[in-house]
Amino acid sequence: MLDTEKLSVTEKSILEKIKTVIDPEVEVNIVDLGLIYEVHHYEEEKKIHIVMTLSARGCPVGDTIIRHVETVVKAFLPDYETEVELTWEPQWTPEMITPEGKAFLNM
Amino acid sequence: MQAGLSTKNAPSPSVVLPHYAAGAIFFLTASVLLFFTSGDLANSYIGPKVLSVTHILVLGWITMIIFGALYQLIPVVMEVKLFSEVLAHISLYTLMSGTVLLSYSFWNSYIGETIFMQTGGTLILVSVILFVINTLFSALKTKQRTYENAFIVSSVFWLLLTVSLGIFITLNLVFNFVPKSNIDLLPVHFHIGITGWFMMLVTGVASTLLPMFFIAHKLNRRLLKISFYLTNIGLIAISLNLYFGKNTVITITSALVLLSGIILFVKYNYDAYKKRLRKKLDIGMKLSVLAFVLLFLSVIFGIFSALKLDILSDFSTRIKSLYGVSMVLGFLTSIILGQMYKTLPFIVWLKMYQDKVGKFKTPMPAHLYGEKTANLHYYSFIIAFITIFIGILIKEKLLIEISAAFFIITAGLFTFNTFKILFHKEKTEPLK
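Chains as they are written, first to last, in this note's numbering: chain A, 1 to 107; chain Z, 1001 to 1432.
Since the hints were made in silico from the structure, they are not lab data.
Since this is a predicted model, take the numbers as computed values, not measurements.
Any given hint might turn out to be false.
[Said to hold, decoys possible] Not close to chain A: a few residues of chain Z, all C-beta gaps over 12 Å, as computed:
no.: 1; residue: Ser1012
no.: 2; residue: Val1077
no.: 3; residue: Met1078
no.: 4; residue: Gln1144
no.: 5; residue: Phe1157
no.: 6; residue: Thr1208
no.: 7; residue: Met1212
no.: 8; residue: Leu1277
[Stated by the list, open to error] Coverage of chain Z stretches by chain A, computed from C-beta distances (three or more under 8 Å per stretch; other residues unrestricted):
no.: 9; segment: 1213-1219
no.: 10; segment: 1357-1368
Glycine is no exception: its CB is placed at the ideal position from the N, C-alpha and C atoms.
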């Protein structure tokens, strides 16, 4: 879903920071789980916009994961406004897991 | 709030957590009393002491944890806030006190017109009515019209019916409303309670949570839809047939309809298990998978019990006991043990760490309990179940006593872990 090749250097750094956010159920970081769909860095507006999903609707720790993403991005770029948007389209599927995530999960 | 997120809907932990504490204590109490019931259980399934232990298990242990877990899970599965936390608090205390009075009354053979039995039963009825109001008014607000939710809502109706029938049985002993003996009415009470309340509820909750915990996708949801209709129709037919007269053809047909519904539910969750993302099962999921094996055993004995085959007539009492034991102490206990590990650590973890993630290094929910302790009670539970099963089968009191000892170990270790989670002290470290 997320094409890292198209990301700017700053957006790639943001993604690296988001990798510190671990899904507490499967204990894999949410980037390798494929939950991050888009990362946008708008220099002029001083804004970071992240579009992400969760592995299931009604995930009991969903709110915490989103807040965790906001926290790590804000800590990395404190002068920017950070917006994390939750989407259910397209629905997440295990095919979205990165090769690193699949290796960790022995898939 | 973002749609599909449940954390902000979650009730105060003070509503949910006492249910887990009380449930663990009741399980430990029932295990200790089981030791002193071994002689009765070897011979009958409706002796006063057996009924006492049964009611502690189904009300104090299983229903207690289900109430607590549902108050947390309703926001998850229905994406709404709980209708009333005050009602949930009152329901907790009436269920606790009602269970103590009722089981005390059974233990001392005080059945029928006694203050303990009637007060206990009334308190439980109040608790259940408040729970039903809370669940139904929460369900009315939901936009999630799924079959998982339909199972939960229908289970609540069956719960109200079984508790009302339980009270009716005790009052009928005194006032003779209908010319039926409690021996005729008890099977209806039992089947509605076990299949209508527990089975329907477990189907709804498990079909929501297990695929979520397995992180399994692309499941055939038609299985759940058909299962919903088959289990409800089968149970209505069985209950009416048991009450109005036991027609063998209707018994077999309705048992087959019910069984088909259960098989579809199992198939749905087995598909989730096969498609699971995380191959290695943690203790919560190991116990949940074990529960399905025990459900299979329970269904086998349920069928034998319903068929009343002449060839098995000498074993009739034992078959009924094994059906009840494999359902209550097997399937339901195993799934409750397992799902405690999938819910309570998350609830406590969220309460303690949701504002700290990303700012500090925090433990994971699985770090809140002793894994070795949990694994130990996984094996002690298996030993306890196998020994009680054989003990009843061959009517051996000593084996039931040994089983009770292993149930005490299981409940003791489980209670230790429950309280370890409940009294978890915050542990944070600075981020590197």
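Tested hints:
The beta carbon of serine 1012 of chain Z is kept farther than 12 Å from every beta carbon of chain A, the shortest such distance being approximately 15 Å. Annotated as non-interface, valine 1077 of chain Z brings its C-beta within 12 Å of a C-beta of chain A; the closest such distance is 6 Å. Once the 12 Å rule is applied to beta carbons, methionine 1078 of chain Z is inconsistent with being away from chain A; the minimum gap is 8 Å. Residue-level check failed: glutamine 1144 of chain Z sits 8 Å from the nearest beta carbon of chain A, not beyond 12 Å.
Distance to chain A confirms phenylalanine 1157 of chain Z as a non-interface residue, since its nearest Cβ pair spans about 23 Å, more than 12 Å. For threonine 1208 of chain Z, the shortest C-beta to C-beta distance to chain A comes to about 8 Å, within the 12 Å cut-off, and the non-interface label is violated. With 12 Å as the threshold on Cβ separation, the claim that methionine 1212 of chain Z sits away from chain A is violated: the shortest Cβ distance comes to roughly 4 Å. With 12 Å as the threshold on Cβ separation, the claim that leucine 1277 of chain Z sits away from chain A is violated: the shortest Cβ distance comes to roughly 6 Å.
Coverage of a stretch by a chain is defined here by at least three residues with a beta carbon nearer than 8 Å to that chain's beta carbons; for the segment 1213-1219 of chain Z and chain A the count is 4, and the condition holds. Figure legend: the segment 1357-1368 of chain Z, annotated as covered by chain A; annotation consistent (6 residues with Cβ-Cβ distances under 8 Å, at least 3 required).
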